[in-house]
Every structure is written in C-alpha cells, then in structure tokens.
Amino acid sequence: MRLGMIAAIIIVLLGAKLRVGNAFPLSGDQNVLPPGTELNEEALDKPRELFRSEALGGAKSYLVNLGDLAFNSNLILGGPARRAGMSCGTCHVNGAGNGKLYIPGMSTRPGNFDTTGPLFNPKAHNNARDPVRIPSLRGARFLAPYGNDGRIASLRDFVRNVVVNEFDGPEPSPAILDAIVAYIEDIDFLPNLNLTAGGRLGARANDAQRRGEALFFKPFPHNPELSCAACHIPSSGFVDHRQHSVGSGGLFKTPTLINANFNTPYFHDGRYDTYDQVVGHFDRTFELGLLSQDRADLVAYLQATGDGLMPYERDGVTAQLKEINDFASVLDAAIPAQNNDVIALAVHTISGELRDLVEQFPGVKDTTVEGGVAERLAARTALKNLVLMVRLIGVDAAAGRYDGAAAEYQNYRKLTFAAVPIVVKKAQPWSLFNPAVHKAHFDELRKLLQSAQKLP
Amino acid sequence: MNLTHPCRSPAARRPRSVSRWASVLTIAVLWAALCGMKPGLAATLDDGAEQYRSHLIADVDRTLASVRALASRAAAGDLAGAKQAWIEARVGWERSEVFTSAFVPELDRDIDAWPNGVIGFHAIEAKLFGANRTDFENEANGLVRNLSELSARVRSTPLTPQGLLDGIVRLAYELGESKVDGGESRVSGTSLNDMRNNVDGIELAWRTIFAATAESRDRQVDVGMRRSIEELKAMVDVGELRRVDPDRLRIATEELVLKLQNAAPLLDLKKPTLEADAR
Numbered sequence: 001m002r003l004g005m006i007a008a009i010i011i012v013l014l015g016a017k018l019r020v021g022n023a024f025p026l027s028g029d030q031n032v033l034p035p036g037t038e039l040n041e042e043a044l045d046k047p048r049e050l051f052r053s054e055a056l057g058g059a060k061s062y063l064v065n066l067g068d069l070a071f072n073s074n075l076i077l078g079g080p081a082r083r084a085g086m087s088c089g090t091c092h093v094n095g096a097g098n099g100k101l102y103i104p105g106m107s108t109r110p111g112n113f114d115t116t117g118p119l120f121n122p123k124a125h126n127n128a129r130d131p132v133r134i135p136s137l138r139g140a141r142f143l144a145p146y147g148n149d150g151r152i153a154s155l156r157d158f159v160r161n162v163v164v165n166e167f168d169g170p171e172p173s174p175a176i177l178d179a180i181v182a183y184i185e186d187i188d189f190l191p192n193l194n195l196t197a198g199g200r201l202g203a204r205a206n207d208a209q210r211r212g213e214a215l216f217f218k219p220f221p222h223n224p225e226l227s228c229a230a231c232h233i234p235s236s237g238f239v240d241h242r243q244h245s246v247g248s249g250g251l252f253k254t255p256t257l258i259n260a261n262f263n264t265p266y267f268h269d270g271r272y273d274t275y276d277q278v279v280g281h282f283d284r285t286f287e288l289g290l291l292s293q294d295r296a297d298l299v300a301y302l303q304a305t306g307d308g309l310m311p312y313e314r315d316g317v318t319a320q321l322k323e324i325n326d327f328a329s330v331l332d333a334a335i336p337a338q339n340n341d342v343i344a345l346a347v348h349t350i351s352g353e354l355r356d357l358v359e360q361f362p363g364v365k366d367t368t369v370e371g372g373v374a375e376r377l378a379a380r381t382a383l384k385n386l387v388l389m390v391r392l393i394g395v396d397a398a399a400g401r402y403d404g405a406a407a408e409y410q411n412y413r414k415l416t417f418a419a420v421p422i423v424v425k426k427a428q429p430w431s432l433f434n435p436a437v438h439k440a441h442f443d444e445l446r447k448l449l450q451s452a453q454k455l456p
Numbered sequence: 457m458n459l460t461h462p463c464r465s466p467a468a469r470r471p472r473s474v475s476r477w478a479s480v481l482t483i484a485v486l487w488a489a490l491c492g493m494k495p496g497l498a499a500t501l502d503d504g505a506e507q508y509r510s511h512l513i514a515d516v517d518r519t520l521a522s523v524r525a526l527a528s529r530a531a532a533g534d535l536a537g538a539k540q541a542w543i544e545a546r547v548g549w550e551r552s553e554v555f556t557s558a559f560v561p562e563l564d565r566d567i568d569a570w571p572n573g574v575i576g577f578h579a580i581e582a583k584l585f586g587a588n589r590t591d592f593e594n595e596a597n598g599l600v601r602n603l604s605e606l607s608a609r610v611r612s613t614p615l616t617p618q619g620l621l622d623g624i625v626r627l628a629y630e631l632g633e634s635k636v637d638g639g640e641s642r643v644s645g646t647s648l649n650d651m652r653n654n655v656d657g658i659e660l661a662w663r664t665i666f667a668a669t670a671e672s673r674d675r676q677v678d679v680g681m682r683r684s685i686e687e688l689k690a691m692v693d694v695g696e697l698r699r700v701d702p703d704r705l706r707i708a709t710e711e712l713v714l715k716l717q718n719a720a721p722l723l724d725l726k727k728p729t730l731e732a733d734a735r
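Sequence order for the protein chains is A and B.
When you line the first sequence up against our numbering, it's residues 1 to 456, in that order.
When you line the second sequence up against our numbering, it's residues 457 to 735, in that order.
The set of hints was computed from the structure by calculation and includes no laboratory data.
Fair warning: there could be bad hints in the mix.
Here's a subset of chain A near chain B, in silico, CB distances under 10 Å, partners left out [stated by the list, open to error]:
{"no.": "1", "residue": "392"}
{"no.": "2", "residue": "444"}
{"no.": "3", "residue": "448"}
{"no.": "4", "residue": "451"}
For every residue, glycine included, the Cβ atom is placed at its ideal position computed from N, Cα and C.
For reference, chain A alone in the conformation it holds in the complex (with noise of 0.2 Å):
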C-alpha cells in the first residue's frame, strides 16, 4: 500500500515535471488563419487521455475510435476551419482544453475563443466579441447541461452544433454524430488520490485543505441558502446540472471543479488566471468576507479537489503509433462492410497525422539537427510509404476493389505492428520529440522570424 501510494506520488511529481511549454504562433501572413494565431500544436507535453473502456481492462470500442478519429479530422468541420487543418481535438487536445489557444480577432486572451465570431462560419456571427472559456471535455458525461449557459440538454445535439453552426461543417452523419458522443464519453476524468468517493477531502488532505473544505460547504453570510458546496456538490462531480448568475454578466452553468488544475482559465470566458482571482470573486460578489487566511485555504482546497494523476505525458513515438493505430482500426470493419464514407474519412486523417509523424523527424535541409541522419531518412521514408499504403486503400475503395484495400490494408497492419515502429523510435533521438532537438530547431525559426520581424 505504501510503495503504491509512493509510486503515485512519483508519477504526479513526474507528470508536474513533464509539463513543458513549446508555443509557438503562426507567423506567415498568407495562410488561412491570422498572423499570431497560437494553436501550441508544437507542445512536446499533452494532456493524458484517460478512457473508460480501457481503464475498465477492455479495448475502446469501434464506436469510440470512430468518435477520435472523426474529433481529430479537419473533414468534419467546414470554411477555414477545415483549410486550416483544424478539428475539434485543435482546442480540446486529447479530449482536454487548450489553454494556450489564441486566434487574434477570435481571442480575447489565450485559452478563450468566440465561437461566434467572424472568421469560421460567417452565418454564425452575432456581432459581439463574446469568447468563451475552451473547456475540458473528460467526465462530460456527468456534466449535462451543455454550452457553458447550459443552453443545450444534449450531449449530440451540442455536438452537432459545435460543427455545423459553429465551425460551418457538413450536417454529419447519424452515425459519426453517434461515435464523437460515444468518444466524448468515453474521456474519463483523471483519478485523483485526494477525493473519496464521495467526493470529500480523503486521508492525504493537510490542515489548509481541511480548513478550506470547511468553509466551501460553509453558508454565505448574507444568502445562507448558498455556498460553494450548494452549487458544486462534492457527491455529484461538483455540479449541480443548472446555470446560475454568479455577477459574471450573465447566466451560466456549475462548472465542475474536478481535475480543474488543468482547466486554466477559469470563468465562462476565461477572466482568471488563478483560483484567488475566482476566490476574490466570489468573495466580493457575494460579501463573504473572506480573511487571507479563509483565501488561502479555498485556495489550498481546490487545488487539492481539483488535482489529477499524471495530468500531462510526454508526446513521442510510442504515443503518436498508437493513437494512429487506433484510428486505423476501424478499417477492420469499414473495408469488410465497404463503408466508403468511413473509408475515405479514416484515409484522410490517417494520412494526415503520418504526414504530421514524418515532419517530426527532420529532413537534410534542417541545419539545427546534428546526426543521426540515416535514422531520421529511414523514419521518414518508413512513415512515407504508409501514408501511400493508407492512400492506396483509398483509392481502392474509391474505386470499389475492396479485396485490393484489404490486402493492402493487411500489409498495412503487418508494417505498422513492428517494423515501422522499430524504425521510427530508432530515430527518436534525433526528432523534434526530443526536448533538446525541439529547442534548437525551434530557437533556431524564432531566431529566424525575429530577424524578418515577425517576432518579438
């Protein structure tokens, strides 16, 4: 029990350790989104993604790698969206937030984003700077309502608002509508040691965190019907289902506080920073008042309450294979089935993730690199030749030669099992997934934009 309750401790401390910044915004001024647009699609720490089916000890199901790969393809949104390579798993990375998004003019500061703004879908534009808080999507299956005014009850109706009034997309299929839900639900909150079941404070908690536990559930001294617990219920995923006004402008839904270190910012259109900024908030908004010491230990509680296990994991080969691997198994059924619109929408983004693994390894004209060219060549022409098998399977199916796409989808498979992948980790060293790599290559374009004055 101890050495678990050590190596847990390891692993939050590694996962602290790990998490690194690597932003890095879009600089030319002729591609589809705005010059300064900061997607951090560069950073070498993303968010765990933890799912249900598999912390359960099963395999996600079909359903549930549809649902990724269709929430990572640029296919399913429409206008710039699309052009510019962004899915839904653009703002919420790995079923998570983004809390460095910035898309000037969209944007009101990182992490925010008016989704009803000028530049996705025109039709959708009601003239108002209005951004909202990118939000963090594990555990949404305990958090209906949706939107962040709680306007929409349903899980696959917001969905299908997201992509087809926000982002313009096409009205998606029944069946992809089903599997982006099937895959949202599936994202499951990071355990986190300091909760009990029920939602209290367990044996770890230190007198701060007591102290603060205390004063959430503790009746606001002017409305005693109210305090934080009455609306972020401890037993109930700290929500409460309904939307209340909390002096923000306006109505809006309890967002859950779990896992909610990772959530930054915090508010419905991301005000703060920090939890003594939300604190203050409250405190001021409804007269709590608060001693710094009564601050400090709300404070010291919501960090506790809003912690997680290994909350970032380092990006790399192993994790990019498989998550590519997943996304490609539901080829297994789509080939057999001749189901050419799953087809053609695996091929793509299959094709387009390995195109985005090769540029991870960088090419002969990258001078910031030092050795292990060979490795680096081999790597890229391995991932190359996939993404032509993947194209082929496509152009197959297309074509209705199913016995070809699945011979080729087979040789596909066999390649993808050991071959390529011993291939590619061999030139992991030398790729952008090493931090010392990604700093030199990285340092040397900044350096690069500054002296054209594109950066700061």
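Please arrange chain B on chain A, whose structure you already have, making use of the hints.
For chain B alone, coordinates are given in the frame of chain A:
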C-alpha cells in the same frame, strides 16, 4: 558452330567494316530482343535525361544570375530591385528541385536551409522582406558560391533516369505538405510561387525524360500522368495561398506519387524512394 549465347558474346558487337558492322548490329538488336532486352529504351531515357540537363542548366544559371543581381542591388541599397531579384531567383531554383533533392542534397541544404537565419535563401528572405534590410552581403556571397557550385554540378553529374524519377516523386510528395503555417517562403509571401514552380519542375522532368517512353509502352500511363499534373497546376493556379485547397492538393499529390511508383516497372526502373539515402 559457336553456340555461345549472343548476349554473352561481346566480340559479336565489334565488327571491322561498316557493312559487317551494320549486319552485326541488326543481328545484335534481334538477339537483344530475344534476350528480353529493350533496345532503345535506355538510350531514350538517357537522351531524355540529357535533354532535361539543358533545361536544368538554364534554370540553375538563371537562378545564379538572379542571385548575383540580388547581391548587387542589395549592395546599391535598392530594396525593391533586390526583392524582385530574390523572387526571380526562386523560379529556377524551385523548378530544379527534382535534381537537387535527389543528386546534391548537401547543396540543397546549404542553399535552401530551413529554418536557418544564417545561410541560404531564407536567411536573406527574412532580412529583405521581413525587415526591409539590404545588409546581407555575406549571405548573398555564400549563396552565389553555392549556386556556382551547383551550376558546375548540373553540368558534370551523371543524370540517371532512376535518380530523376526519385526526384520527381520526392518533390510531388513535398508539394502536398501542409502550408498552414504559411509554408517555407512565408516571410516574402511567395510559398504559392514555390508550389507553382515545383509543379512546373515536375511537368518539365516528366515530359522531357519519361513521357515518350511511357507513351510508347502504355499510352494510358502517360495520359494519366499528364492529367494528374494538369490537375495540380489548376489547384495552385489561384490568387493566393489561402485559396489552395490543402486536402485536395494532398490527395492529388499522393495519387501522383502512386502513379509514378506504378509507372517505374514500365520504364524498367525501380520503385522510386521518398528520401535521399533510402535505397
């Protein structure tokens, strides 16, 4: 009677008189056909490669002349003239990438390094277009040196059809890469020009080196290839980079690569590889 197989009898191909030479040549051609060889094929592709060399030399020399002009205009403080020279220099350079990526990767790196703020086209681009500066004498001189070396190498390097087919395939694949960040020439805003010149380079190499042989063996292969190249040309024939449909472009380039790989056996070549040292 000498029963030595004609293919293994070099003496048979060394006649002492013209009439004897002609008759032996005829016999040799027939024997060669019987041996499964395809007389004229290698010569056709090799001829095509040499024809391509003349275009390549013209492109590289034009690039070198433009970079020399770039250096002199920059030295004179002529910002607009220097920018124009840089843009003109890129035309021949991007067209010749079929050759550079496959035959001289080290020069390719030094001339077109990315990202690199010290050497090559893009170091100059950053200062010239980003900061409106012309103080890049060292960078321009370095580029002139490397392009001079390239100019010599395009004249002396044996141009193998295999290497050139590899080069076309690599360039076609690269063309489909994401330009969501503005592409390689993002500071000057000329990535779309790069793409158009890449397609021109692919078309030039295919038509000059491979089209005739492909057409003579399977007309549909050449027709399909030309159609794919025309499709690519139409895709990049738009007013600005943001109007290029990246998804369609990616599909089209990958399908072109597949077609080129499928065409290789028809041309008696190996399947083209996608990176320089991969074979």
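These are the hints, each one checked on the structure:
Interface restraint check: residue 392 of chain A against chain B, minimum CB-CB distance 6 Å, threshold 10 Å, status holds. Below 10 Å, beta-carbon pairs count as interface contacts, and residue 444 of chain A has one with chain B at about 5 Å; its hint therefore holds. With 10 Å as the threshold, the beta carbon of residue 448 of chain A comes within range of chain B, its nearest partner Cβ sitting at about 4 Å, so the hint holds. Of the supplied interface hints, the one on residue 451 of chain A holds, with its beta-carbon coming within about 5 Å of a beta-carbon of chain B, less than 10 Å.
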